[in-house]
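Chains as they are written, first to last, in numbering that gives the first Met the number 0: chain A, 0 to 325; chain B, 0 to 175; chain C, 0 to 471.
These aren't lab readings, by the way, just hints derived from the structure by calculation. Treat the hints loosely; a few may be bogus.
Example chain A residues on the side facing chain B (calculated, C-beta under 7 angstroms, incomplete) [what the hints assert, rightly or not]: (1) Met-110; (2) Ala-113; (3) Ser-116; (4) Val-117; (5) Leu-123; (6) Trp-127; (7) Leu-312; (8) Val-313; (9) Leu-315.
Don't be surprised by glycine CBs; every beta carbon is placed ideally from N, CA and C.
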Amino acid sequence: MNEVIRLVIYLVAIIAFAALNAAYLVWVERKGAGHIQRRIGPKEVGPYGLLQPLADGAKLMSKQILIPRGVDVPLFMIAPVLAMVPAIMSFVTIPFSETLVARDINIGLLMIFAFASVNIMALLLGGWASRNKYAVISATRAVSQNVSYEIPMLITVITIVMISGSMNLNEIVMQQTNILKWYIWPWTGNFLGPISFLLFFTCSLAETNRAPFDLGEAESELIAGFHTEYAGMGFGMFFMGEYANIVIGCSLITILFLGGWQCPFGLFPGIHWFLIKLYALCWTFVWIRWTYPRTTLWGLLNLSWKYLIPISLVNLILTAGLLKVM
Amino acid sequence: MNPTLLSPEGLSGLVFLGLVAVTICGAVIATAAKRLIRCLTGLVACFMGVAGLYYYLGSPFVAMMQLLIYVGAIAIVIAFGIMLAEPDEAKLVKKKSGLSGVLSLIAGSAVAWGLAVAALRADWMSPAVKLNDGSVRDVGMSLLTTYSMVFELVSVVLLVAILGSLALARTGRDKE
Amino acid sequence: MLFAPELVLLLGSLLLFFLSLGESDGKGARNVTILLGLAGFVLSIITLFQEGSLFMGAYRIDLFSQLFKVLIAVGMTCVVIFDGEMKGISARMRPEYYLFLTLSCMGLMLLVSSVELITMFVALELSSYSLYLMVPMRDDTGGIRFQMEAAIKYILFGIIATGAMLYGMSYLFGLTGSTHLEVVVPKIIELSASSPAAILGIALFMFGFFYKLAVFPFHFWVPDVYEGAANSTTAFIASVPKLGAVAILIRLVVMVGPTGGDALVNLLIVLALCSMFYGNLSALVQTDVKRMLGFSGISHAGYVLLGLLTLKDSGFATSIYYIAGYLVMNLACFLVICKVSKNGENVSIDDLSGLHQRAPLLALTLGVGMFALAGIPPFVGFMGKFMLLTGAYKAGHLTLVILAALNTAIAIYYYLSVVRIAFCNDPDERPSVSVDPMTKLVSVFLMVVIIAMGVAPAKVLELATTAVRSIL
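Extracted from the complex, chain A is given alone in its bound form (with noise of 0.2 angstroms):
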């Protein structure tokens, strides 16, 4: 019994903490965004605007939500739940730090991105759902693109296993113990590694359809992309699952390549370490999207099944022979 008490409390927590880390982020981007635009970004609720995204949040919320005629009710509705669901999901297996960690499976590895594939399920039914030609278009766009990314991205993930021998996140971590034995550096395991790390983390911001790889939500397109018929809560859960979807690919960056809850220099392991790297990879995230310009479909595509692909397999079976070998 007491371990489904534990369990609802993560579940909660991890809930408030995604739902925060949506609202903040939005804050973060804006402000990032105004910054690099030489504005100021949000700045009349509260001190530097702070409170904004709680602002937001209420106006969300409150906001009845509209289903337009002829949409595809039943799928309208579910669309959001799974865009939401699975990415909350995700969190169960993330090892905050040595002991926090809400279920610490064998396979939690593999559980992200098992969950992460029926993310994509949601874009395409809400974008399907909304009988819209640009939510339509814009979905397509969106799941091939998840699609092709999935596969480097797996590729990658799957030389980590081999070095680390293990799917435990937390295991991963922990041998990780400072900065010199992350996985992102050459001499560890592979020298490649670094590759795997830019590898990894172009495919994350692809996965998440950040800008450069945002052509699902190509607003100059394509409205708003497979949420342009969301209104309210509907718009919200989309937005909320972005967002966790970010915060959970930079988590798996940290995990995988930056040694998580480790200290770089073995000094006091813990959650302040994870989320001042994690919310450093956000940070980037960030400033990618408001430095570099939109791709196009083709480029996209191209990018990933011409040269990632390739790119990942050779690293891949490199990775194989030099664990064979040494």
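Let chain A serve as the given structure and place chains B and C on it in line with the hints.
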């Protein structure tokens, strides 16, 4: 001895029934819905229910692979097929005549009944001689020992599938 | 060395893959495939009397498996040779076509040797996928895309059969806790007396192979696929995969053994009778030769089951003999179809008019093939049917034997009417058919085998009996 509803056994029983319900409902939607995309959603629900059952039965690895492969890949491919082939929402699956529905119901339930009776009467291997605990390590070990042949063969099968789809979908070699 | 025939095909398919990247007319690929077929044949012969077990007992080399491998290699080589100009195959897919043909043969070779359920399944799928892909590779001259329809039907029915098969496998595994036949066999024999699930498991498992063999309730794909696929593809589908199916069916029926198989025998009797009647009666009204041969194939599948349902070594041996005979008879008929068809289109029975003037050798081959299929002495079809019927009679299935004999009589009508048209009708402006020397060689070879097996069956039967004993 009947476990009460809120005891661990009772709760896990509830979870099991819930998963079975999801699987069956998904299957019913997949076969009965009129819009193809809804059939697909039913199928996805069915896959998820089955994945849950695998997890429940102590094979988390298989459960995750089920999600990753069936929901993340197969269902997506089917969805793409539907989107590309049938953009017209007016095309609903045509209703068959009532008689064929009744007949297929009878035939289907007869088959289900037969299989169920055979399954219920059989002496299944008792779980005491279960081969392994279904963890990644065991799956990997048996793939590289007992089932090494299958493991190698599957790669050839995949090669055939990939090459075949490329060969059939390709155009333009003769244009060069 | 034990694995040599498969290994050669595997390496050969790698070579074909690289060829398919470069060339586009398929001539090189075809030559390589012929060489591979011959190499497979020679290596299977060399390893014919060797025995061994590979891959942790999942794969067994014995006389039984090697015998079937020899037959598969023969079938493959013949099909590739007599389809010299690759008329029916879409020009841009020819190299891939040969790649898939080779892989399909390799799948079948792996299938006949595997003694583990999952290996069987994957080997079967390897061969099936390749076949599914070969069907839509037909040249779309008419623009009506009926090869696509055929392919879809083939795949959909195939998937259902596979589903049933996997379900049966799950029963077998659940009951015995193993997927290796050597463990599954004794337990299932023990259980089959008391547990309906054991019989059900085996029956469901067999469905997958009934499908390949085109036995009655799994025959729906046959006419359309035969019609929709290119002539040479049909020749392949109609003959070679059936060898694999028969091999595994024998392995499975042997599993149940002479005792406790009443339900199974009854099932086989019903299926055999339905297949024979359905196949023969439908074949009577066909005008397309390939469709006709398709329906006749269904009835021949019924005959093969006659050997299985005796549950005796001699019966199984006769089944092997019969399916080997069917391979050569069928190939002989398809050789003629491939050659008569000008640009790879389908051949109707009327198109064969006056073949004896247009191409005497082909007419002779067609005559021998049809006579043999009809079961007329001294050809192999006669001896096969005769022995199957006497075997079934000895096993006490009198009614079945009478009905099967009746079917033989029905079959004679449509086979011989083809021969009549080929020999007695006038050619009416139809052009003569040119035959290249390699094909001539193959047709002579097929005729010789048909006659030799018919005149002197003892040697073959002896070999087949030894082969069946080797798997017990």
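Here is what the structure says about each hint:
no.: 1; hint: Met-110; in the structure: holds, 5 angstroms
no.: 2; hint: Ala-113; in the structure: holds, 4 angstroms
no.: 3; hint: Ser-116; in the structure: holds, 2 angstroms
no.: 4; hint: Val-117; in the structure: holds, 5 angstroms
no.: 5; hint: Leu-123; in the structure: holds, 5 angstroms
no.: 6; hint: Trp-127; in the structure: holds, 6 angstroms
no.: 7; hint: Leu-312; in the structure: violated, 14 angstroms
no.: 8; hint: Val-313; in the structure: violated, 18 angstroms
no.: 9; hint: Leu-315; in the structure: violated, 14 angstroms
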